[in-house]
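Engineer: If you want the building blocks of each chain, they are given just below.
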Amino acid sequence: MSHGLASRAGRISAQIGIVVAIFLFWEVAVQTGMANARVLPPPSLVLPRAVAMLGDPVVLYNLWITSAQVLLAFVLVAPIGIAIGLLLGESDYFGRAFKPFFFFLASVPKSVFLPVFILAFGIGFTQKVAFGMFQAIFVLVISAIAAAESVSSDFLKTARAYGASRRQLYLDIYLPAMLPVIVEGLRLGMIFNITGVLFAEMYVSRAGLGHLVSTWGMSFQMVNLFAGILLAAALSIAVNEALRWYENKVGAWRG
Amino acid sequence: MSMRTAGGNDDRSGWILLLKNPLVLRLACLGMILAFWEIAPRMGWVSPVMLAPLSATVISGVTDFGVFARNLGVTFGSLALALLIALGGGGAVGLLLGSVRPLRTTLLPIMSSIYAVPLVVVYPVFTAWAGIGVESKVLFGGLYGFFPMLLATAAGVRTVDGGYMVAARSMGATRFQMIRHIMLPAALPSIMSGVRIGSAMTAIGVVVAEMMAATAGIGFLITQNRTMFNTAEVYFGVFLVVVLAGTIDWAVSVIERRAGSSYPRKVRTL
Amino acid sequence: MAGLKMVRTDSVAASAGADLRAENITHMFDTDDGALLALKDVSFTVEAGTFVGLVGPSGCGKSSLLLMMAGLLLPTDGRIAVRGETVSGPLPEDIGVVFQESSLLPWKTARENVEFPLYLRGVDRQVREKAALKMLDLVGLGEFTERRPHELSGGMKQRVAIARGFCQDPEILLMDEPFAALDEQTRMTLGDELLHIWDQNKKTVVFVTHSLTEAVFLCDKVLVMSARPGQILKEIDITLPRPRTYEMMATETFGQLRAEIWELIRETQAK
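Chains as they are written, first to last, in my numbering: chain A, 1 to 255; chain B, 1 to 270; chain C, 1 to 271.
Treat the hints as calculated values from the structure; they're not laboratory data. Among the hints, a few may not be true.
[To be verified] Derived lysine-lysine pairs resembling DSS-like cross-links, with alpha carbons at most 27 Å apart:
1. C/221 - C/130
2. C/108 - A/249
3. A/157 - C/130
4. C/221 - C/202
A quick note: this is a predicted structure, and the numbers were derived from the prediction, not measured.
With the rest of the complex left out, here is chain A:
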């Protein structure tokens, strides 16, 4: 046990080491003139700028817009997607009617539909939320289908033999059995949702982190651009890892 922990700690410190090494290499490459500082600003400029941005009201406002869009899209799409998926996974009839439909749509590139959303919803808040939902819904449906189908009939048989009520079947068998797969779907849906909202902001918009990043890029403000990318990356990784942590927690029994 302690050996496992020690090697895990070793692995994590190795990972931190690698990340630090990449930043160091980047810094050295710029300082020695291997890379042009005008197109690749050194981390000694980028990192402080990223930190400073967290105190900049303009950046914070745009960050808030993006977060609000992402969160609203997520809150709206999660119950819809999961409900559709559970219906298709549990009902033989609706499953056979519509599962192929959703499997096909899940494999279709969704980013290309963005212009359609602009035609339909304009370029404001609503359009970003709608597009984030559209990006996320199919992976949610598919993982909810997988979750419903992953409930072993052995568990249900056992619970029924021991006299479980309908409520107990739902709360004590279906829910714990499905939760890890559904949370995994939520995690993937969240990634797609964030990507969708940022892409929509970069494409056409008046506000949001994606809008800022796009503007900085077009006006060659490279330090701001790299700092913005770092912020976006850090936030996405944080959200992803938090959901992954929860996924592993509720799915620890999967071994």
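Model the placement of chains B and C on the given structure of chain A, informed by the hints.
Structural biologist: Just chains B and C, lined up with the frame of chain A:
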């Protein structure tokens, strides 16, 4: 399955019987969507800027066929180069990371974390560095497909049954022979699924790049038509990209079946 | 829940068990190729407190029969009766079921799995915890009560399933090939332990198995079933004395009984 008797009237019970077949329900819904697509804009239920009638969409595609074909050709060219980066680069790095244990345990988790980063935000860097020509979208498309390919390849190599390796070693196989005859074939199913997902992502990356900043290509054409409110052309362009992605997926799955015909069928996972 | 019986937590106290009868059971399955006759006029009696085995070729309907006894499947015709009363649904207070190892709930610990039947009935936390720990102790898992199934070996998992079957102190215990997934040695050990527990409380046990050795070693009586449609070919009384010991396996009687069952199954498989 219940078939209606010939000559029966369209009475209620007949329809209900028919709808008991899920396939009929699916086709009915599909038909309704297509009918809505055609009728709604014509009847003024939705604005024609929002949705162009199905027939108008098809007609716009036929009349502007030359323009669509030329831009699709440009996209194909960029895509071919981007695939080289994504599949070649991702595959090579994946092989390395998957087969060397210390690299695997330290670098792979970092790679799968990076996978969560919305890569789209990096695109302005590419245009700042390489302009808005072919180079930036090739590089960006390559980057989009690089990580899925890397992760799938690494996962495939990692799961190779140790028993095969021991058996091969006991027969005196060299390191190269082990890679050529054991590791690659055994990892093939996973590598091929990496090729499928990686190709799809690369195509999305190229089109997304064209949409945001480019001078040619199908993505560029869609954006251009959107700014001019040519709704029918936008829809036809989107349709073409969907067909493009579907064709790539189909082509890879054909290769997958050929290459993997000696393996037991595996259930496709997400 | 009306008629909730007092739960007896001192599982090891003697309770005589109830008798169980199958009366003229016929069962048809609907398949794509039409109706399939799975069981044909099956009748037998399991006396209270006896250990009865059910053997037969694959697909003969043993498991369907067991599901009927558990109240999870209704026969097309005929009835299952416990103490003379028709079984029309699960009787969790009278009947415990031990399925194959996959029926353990993987997100619950060993203790929570054993408690599960009592939990479903709303038994007090302390009471059910005490009962579960006692049963786990009895099957030799006293130190592994907080492990989840994926942290247990196949044999340990099956011990948990057995403890779960006994924990609520049912009159009748139905076991559906409980040791099928285990290796030969673990199987023998577990069979021996099962007899040890059974000796203390003499439940009525119906034990479905593929292993003839296991059937002869464990049972008072073995019901041999024919290939589909399943019928009872013969009821064989196992005349070996109790308590059973491993040495008995080397005896002539043991060999003859095993050979007799094997001969019946071989003939029915050949049709």
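Engineer: State for each hint whether it applies.
Structural biologist: Against the structure, the hints:
1. With a C-alpha separation of about 34 Å, the suggested pair residue 221 of chain C and residue 130 of chain C falls outside the 27 Å cut-off, and the hint is violated.
2. This hinted pair checks out: residue 108 of chain C and residue 249 of chain A have alpha carbons roughly 13 Å apart, not beyond 27 Å.
3. Our distance criterion of 27 Å between C-alpha atoms is met by residue 157 of chain A and residue 130 of chain C, whose separation comes to about 26 Å.
4. Pair hint residue 221 of chain C plus residue 202 of chain C holds up; C-alpha atoms about 14 Å apart against a cutoff of 27 Å.
The earlier numbered hint that this structure contradicts is number 1, and it is the only one.
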